[in-house]
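Trainee: Sequence:
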Amino acid sequence: MLETIKQTAEYLRGQIKGEMPRIAIILGTGLGNLVDHITDKQYIPYSQIPNFPISTVEGHSGNLIFGSMSGKRVMAMQGRFHYYEGYDMKQVTFPVRVMKELGIETLFVSNAAGGMNKEFRVGDVMIITDHINLFPENPLRGKNYNELGPRFPAMTEAYDENLIAIADSIAAEKGLRLMHGVYVGTPGPTFETRAEYEYFRVIGGDAVGMSTVPEVIVANHASMKVFGISVITDLGGKEIKEVPSHEEVQKAAIKAQPVVEGLMKEIVGRC
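Residue numbering for the sequence shown follows my numbering, starting at 12 and increasing by one per position.
Think of the hints as simulated: they come from the structure by calculation, not from any bench. Glycine is no exception: its CB is placed at the ideal position from the N, C-alpha and C atoms. None of the hints are false.
Pair by pair, the computed Cβ-Cβ distance ranges are:
(1) 51 to 132: 34 to 40 Å
(2) 56 to 166: 29 to 35 Å
(3) 155 to 44: 36 to 42 Å
(4) 54 to 198: 27 to 33 Å
(5) 180 to 47: 21 to 27 Å
(6) 215 to 183: 25 to 31 Å
(7) 198 to 25: 31 to 37 Å
(8) 25 to 156: 22 to 28 Å
(9) 14 to 54: 25 to 31 Å
Below 25 Å or equal to it, Euclidean Cα-Cα: the simulated SDA-like pairs (lysine to any residue) are:
(10) 266 to 76
(11) 101 to 145
(12) 262 to 186
Work out the full structure, taking the sequences as your base and the hints as a guide.
Mentor: Dropping the structure here:
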């Protein structure tokens, strides 16, 4: 595993022009247009990167992008990998391992999520303050490599409180409606039943999705600072009978893009 990570990182070092970034962004469903705000872009397709999986989900382009945003060098994943695609957890989180090897210190993650908090509306942007892991496999299961992180990493501040405070300050300045909540990570690929939405709400969840948690676990294992955002693309619960489609989820995510893009740009600039 260590050699595979180093091999991929070494390939990317040989391809990247300019200074190595310290900030990485994983762009979720419908949020890939944030790359339009990256200047001096250099695209590296996943298909060209040794040991990288290939994203199979509509709305996930499949490129690593290096460039500048808000005066900072950044690395962006345009498309991520999911457990439901058939990848194991080490494959899903492999890019985060490579990021750390390249020197990434801060990771921004975004996703589309279904909301069960009664205060949420479709199109809301939620800062992830914590998560509940309902995946059947942990990405740290198996042999631990001390070079990558400790055997039993703490997850008490999985999402960096200083970055959350910066986001709240920006929202106050700009008058943005910004929600806070707990993200529930599930394996998918089915959308949730009404009873499942209610269950997730009862156990402390505000939004639910099929990604992010594995990547955040590995980022914390590697001592990265993490900031997470969910776009609420649909609502669920006992009283809601509408059935979401992937196309509707994408449309709702795209509608929220201006808020997400503006927030991300500002936070990156103030890191």
